[in-house]
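Knowing the structure of chain L, use the given hints to seat chain D on it.
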Amino acid sequence: MRKRMRYLAPLLAMTLVAAAGCSEDRGGGGGDGSDGEFPRNETLYTTGTEWADYSNYNPIAGGGQATGVLGLLYESLFVFNTQTAELEPWLAESGEWVDDTTYEIRLRDGVTWTDGEAFNADDVVFTLDLRNIPEVPYSTMAEWVDTVEAVDDLTVRVTFSDPRRAEWENWLFEQQIAAEHLWAPKAQGAIMDERGDDVRVGTGPYVYHSNTTERIVWERNDDWWGTEALGLEMKPRYIVDFKNQSNEVVIGQLQQAEIDLSNNFLPGEVIGGDIQAYNSEPPYMIPANTAYLIPNTTRPPLDDADFRRAMAFAINVTDIVDTAYAGLVSAADPTGLLPLWVDLGLVDQQVVSEHGFTYDQGEAESILESAGYVDTDDDGFRETPDGEPIELTLQVPAGWTDWNIAAEIIAENLQAVGINVTTDFPEAAVVDEIRTSGDFDLILNNWTELSNTPWTTYNYLFRLPVQDQQPSQNFQRYENEEAWELTQQLGHLSVGDPETDAELRDLLSQLQEISFTEMPAIPLWYNGLWAQWNTTYWTNWPTAPDGPPPTMWNNYKEKRAILMLSQIEPVEG
Amino acid sequence: MGRYLGRKVLIYALTLFIAVTVNWLIPRFMPGDPIGQMVGRQRPTNPEAAARLHAYYTDLFGLEQPLWRQYLNYWRELLSGNLGISTWSFPKPVSEVILGALPYTLALLLPAILLSWYVGNKLGAMAARRKALDNTVLPVSYVLTATPYMWLAMLMIWFFAIQLGWFPTSRGYSGNLVPNWSFRFINDLAGHWFLPFLSLFLVALGGWAIGMRNLVIYELEADYANYLSALGAPSRLIRKYAFRNAVLPQITGLALQLGVIIGGNVLVEVVFGYPGLGLRILDAITARDWFLLQGILLFIVIGVLVCNFIVDIVYVWVDPRTRTGLQGASV
Chain L
1 MRKRMRYLAP LLAMTLVAAA GCSEDRGGGG GDGSDGEFPR NETLYTTGTE
51 WADYSNYNPI AGGGQATGVL GLLYESLFVF NTQTAELEPW LAESGEWVDD
101 TTYEIRLRDG VTWTDGEAFN ADDVVFTLDL RNIPEVPYST MAEWVDTVEA
151 VDDLTVRVTF SDPRRAEWEN WLFEQQIAAE HLWAPKAQGA IMDERGDDVR
201 VGTGPYVYHS NTTERIVWER NDDWWGTEAL GLEMKPRYIV DFKNQSNEVV
251 IGQLQQAEID LSNNFLPGEV IGGDIQAYNS EPPYMIPANT AYLIPNTTRP
301 PLDDADFRRA MAFAINVTDI VDTAYAGLVS AADPTGLLPL WVDLGLVDQQ
351 VVSEHGFTYD QGEAESILES AGYVDTDDDG FRETPDGEPI ELTLQVPAGW
401 TDWNIAAEII AENLQAVGIN VTTDFPEAAV VDEIRTSGDF DLILNNWTEL
451 SNTPWTTYNY LFRLPVQDQQ PSQNFQRYEN EEAWELTQQL GHLSVGDPET
501 DAELRDLLSQ LQEISFTEMP AIPLWYNGLW AQWNTTYWTN WPTAPDGPPP
551 TMWNNYKEKR AILMLSQIEP VEG
Chain D
1 MGRYLGRKVL IYALTLFIAV TVNWLIPRFM PGDPIGQMVG RQRPTNPEAA
51 ARLHAYYTDL FGLEQPLWRQ YLNYWRELLS GNLGISTWSF PKPVSEVILG
101 ALPYTLALLL PAILLSWYVG NKLGAMAARR KALDNTVLPV SYVLTATPYM
151 WLAMLMIWFF AIQLGWFPTS RGYSGNLVPN WSFRFINDLA GHWFLPFLSL
201 FLVALGGWAI GMRNLVIYEL EADYANYLSA LGAPSRLIRK YAFRNAVLPQ
251 ITGLALQLGV IIGGNVLVEV VFGYPGLGLR ILDAITARDW FLLQGILLFI
301 VIGVLVCNFI VDIVYVWVDP RTRTGLQGAS V
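Chains as they are written, first to last, in this note's numbering: chain L, 1 to 573; chain D, 1 to 331.
It cannot be assumed that every hint is accurate.
[Claimed, not checked] Partial chain D-side listing against chain L, Cβ under 8 Å, derived:
{"hint": "1", "residue": "V97"}
{"hint": "2", "residue": "L99"}
{"hint": "3", "residue": "L177"}
{"hint": "4", "residue": "F185"}
{"hint": "5", "residue": "G273"}
Rather than coming from a laboratory, the hints here were simulated on the basis of the structure.
We treat Cβ as the ideally placed atom computed from N, Cα and C, and that holds for glycine.
Bound conformation, chain L alone (with noise of 0.2 Å):
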């Protein structure tokens, strides 16, 4: 027993022994393109997208796809573009609507997937034909789309019970096209339990390559359709997109530039020098979508809109923007909708100067007086007019410091008007069940992300029935049979249509006055799209005003993320 434990010794000796030998190598630098490493001035190293174990290949789950399944693999037929809010051809040549319910699409001819197939209509119908399964994320346009059909190889004609305008181009973007002689056997089981890891063949400017639990990397597809169509090269030969590690490892990986860019949740410090952002002064991000403070509307006094108004008076956004953010997003619009429609003039300016509402301590507390919140036992914080005393809870996931800060603030400043709201950090998972069960009093919550129509925002806001469970919208449980019925008109418009426009702006002003007066949430900045990229070995990254969207995360490609991979250019040397 002795003598053989007398080998660990010098086994021990090896290790330290390889250990050291590796210290010296990585002295050497990287780059030489011998065979088992990714040449450096043709990979491209991103994180920020990935949570889980890159084990998704399927693209008809809603959603937890590994990086790049959707953009880089399988593509859509339109793409959108977040600047002048217009659908830009992809996969599809041309779409239009040839009479009040029938749209027919136009596919590009020459396009083929990547086992050598041509891409047609037949796929495109496979694909709408996909929401007759009930567990399909997008099943619910079975109820308004009639029928689908391939008029020929390439045209695709789709006639509608009830053409949702708005909804329907935003499948257009942002659902990608499946290939039918690799799905339709998958489609006959249970097609949402598919890892699609098995059939990776896609259409994109990427192929699979290979992945770990830490990481996937795709390769570029030098067939690729868009090359010639579009005139777009991709510059990355290689992609590696590393899993999410904490704020502490990626800083430093993106000070060494072993990343390239980081699509997480950073402090605005690290911007400097090599590392820079898409604006290249505060604030440094693109609005992605906006943060508000939601008050349970079925509880008092959050049930009273006066008080819901009071609140959004009291809190002071460029505070939280400053100390939270340091600059890193801005104060968001008072109509809670994003800079692009703001751009595009769909704020009824005279709705906001006459019902809207800034950062106002004294008028917060002049509201609060008229409806009858007073301090009636001095004890600092008012009372309800039934004289009961008020006590708020405002729950933020712990952990998620910018929020946290976030809600401190909340609390002060809601404090310094008289009522009273204290925080409290639990755990993430516990933050998403009571907000799903409506088991809080307030919550903030970030989950209106740009689209192609602003019905987005007020389908967040006001969507209709209010059920036990609440998974994506309305979390406020806010009941406005009016203003549901406004924003499902909504719906059915399409922005920048010239015949509909003047019916656009007239429901969107009436939403406006809506939402200023009933406050159901209160918005309060834009969070951002985070990306924070190192220029060491790519340069040109997209910038303000005109860049795309700088971002790996899924859903983004089809926002023209994906021409973020056309325009870096590797540094020379």
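This is chain D only, laid out in the frame that chain L set:
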């Protein structure tokens, strides 16, 4: 012998049954809903679609059935070797998630525990007989065992990785390499492995050394040692006997350590971003992935039981007293 083993097997089976049941219960007592988390990640724009998805997944994971039924299903699946599907890494099977992380954990913890045990015992035994050594080994050991692991690990990262730049700060291997059998890659793998290994090794080392030192001193003062000494036996022989007796409790301790190995060391893997089972446990808890958590806990339970079982057998071999006891019992 047969009866001894039979009784042991029965006890182990009973323990396994209870532990597996507890494994199944624990995640279900946590607040949070795995299906809600899954649907939330997909963020459907439409509540009807969300409701359908929720219903579909609830059905897929069998969570709509009464609890007793779910429990029976769990056993049925388990006995057919199926650990279920991960909700966190949907639709990957739990077994695949675990097997992907297991090599890293084993490669990290197995050498760290075995080597620290071996070196620690040697150091402790030596310290027990040399005053000078005792004066250095003992204080250093106390400092090492008392050091909060997190602090030591971060200090090592700061010094060896950031200040000196000798080692990488995180991951299993460098992101620019493709796994292969080249010297370069293996070196890289070893470089990423070394710091987490060293931190675990050092922290465990102190405990073993202190334990061994105290045990040997106790044994050296026992009657049999004094008797041998009075008979004029060489002190080398006495020390050998003392060491043999002192190592017995250490073997039990080693078995317990080896058992929990399978669960990985959550802290070391979090600090070093090392992709083993420990990180998976954290992911599973954050995402409320009951099935993954159950699966990993099961591995831990089985690990502890197997190691204990092995020690029971090893004891019969290394400790003659157990053998005589067995003979007495089987008469």
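Original post:
Are there hints from earlier that the structure breaks, and if so, what are their numbers?
Top reply: 2
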